[in-house]
Amino acid sequence: MISCTDFIPAYSEFFKFLEKKGGKQTVIKFWEYLSDRYLKDLKKLVKKHGLKGCWLYWSKTLNEEAADFKMELDEKNGIFKITMFHCPSKGKLLKLKHIEPYKDYCKHCDVLYRRILEPSGFCYKIDLSNCEKARCKINVIKR
Amino acid sequence: MNKLVMRRKASDNVYFHPQFHIAMNMIIDYIEKNFGKKAVREYLKQFAAACYKPMKEKIKKQGLKALAGYIEQLYRKEGAKVKIYRETDLLKVSIKKCPAVSYIRKKKQPVSRSFFETTKTIYETILESTDFEFKVDKYDRKTGGSVLIFRRKE
Chain A
1 MISCTDFIPA YSEFFKFLEK KGGKQTVIKF WEYLSDRYLK DLKKLVKKHG LKGCWLYWSK
61 TLNEEAADFK MELDEKNGIF KITMFHCPSK GKLLKLKHIE PYKDYCKHCD VLYRRILEPS
121 GFCYKIDLSN CEKARCKINV IKR
Chain B
1 MNKLVMRRKA SDNVYFHPQF HIAMNMIIDY IEKNFGKKAV REYLKQFAAA CYKPMKEKIK
61 KQGLKALAGY IEQLYRKEGA KVKIYRETDL LKVSIKKCPA VSYIRKKKQP VSRSFFETTK
121 TIYETILEST DFEFKVDKYD RKTGGSVLIF RRKE
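Chains A and B supply the protein sequences, listed in that same order.
To convert, note that position 120 of the first sequence is 120 in the numbering used here; the numbers rise steadily by one, no gaps.
To convert, note that position 66 of the second sequence is 66 in the numbering used here; the numbers rise steadily by one, no gaps.
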């Protein structure tokens with residue numbers, strides 16, 4: 001068994017493995033596959049609760065992952081925001097000096113969530129410009 | 001329609017997200033279906049060689065004591081009970097139920113056929129080029145319960 005606390009390096013190494021097998025497109029194909037199967041909870045929550053579904057979903061995952069974040073929900077104006085001050089996932093990879101993170105590691109958050117949220121009636125924006133410092137911003141806006 | 005705000009620091013929570021067992025199971029299943037069983041072992045070898053490099057070095061210096069400590073901590077974090085028997089050159093670990101398999105089953109997901117390799121290939125790779133060898137003495141595919149034997153090579 002691989003401990004769930006070792007999953008992040010396993011995930012990053014898997015992206016490298018896939019890219020070696022079939023290039024970047026193979027990695028993206030897997031992200032789409034994972035999004036369709038692994039994010040069913042998010043899909044159900046936004047279907048049932050609308051934008052608040054994002055709040056409910058990330059309340060659980062970000063707390064379990066011990067992230068350093070601020071999450072804001074403004075239902076009246078149709079905006080949900082995550083400001084990630086220290087991503088536990090990328091942060092862990094940067095901390096493990098013996099591991100080289102997959103070069104586009106943070107892009108999985110773009111593909112996985114966009115694939116769920118955009119067909120559900122939201123505009124998904126992710127700012128990965130500071131992802132090398134384990135920081136990012138996500139905005140989900142009701143269309 | 002109130003505004004909701006949640007601010008958390010890393011120190012407010014304990015890092016433990018068991019849902020990652022589901023993702024790991026999906027990865028194993030995906031490799032097996034798209035690239036074959038051999039590729040599952042190939043990937044796990046790549047991961048173990050990279051991730052557990054410091055562990056391998058520790059085993060080279062400290063012997064099986066280092067591995068025993070790691071395994072004990074790993075299962076304690078996952079909330080599972082293990083029996084560990086250790087002599088200088090032997091380590092026997094009995095795991096009644098694998099916490100990953102239990103979690104995957106609890107979430108009503110099928111456990112991938114090659115999931116067993118996340119134990120077998122990982123420890124084989126960690127012990128490669130050390131003075132020790134590894135074998136899975138027993139493995140119950142239903143529960144993931146197992147008996148793992150680590151010993152000095154003859």
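Certain hints may be false.
Said to hold, decoys possible - Example chain A residues on the side facing chain B (calculated, C-beta under 8 Å, incomplete):
id, residue
1, Cys-4
2, Phe-30
3, Trp-31
4, Leu-34
5, Arg-37
6, Leu-39
7, Asp-68
8, Pro-119
9, Glu-132
Note that these hints are calculated values from the structure, not bench results.
Ideal Cβ placement from N, Cα and C applies to all residues, glycine included.
State the violated hints by number, sorted upward, taking the hints as numbered earlier in the document. 3, 6, 8 and 9
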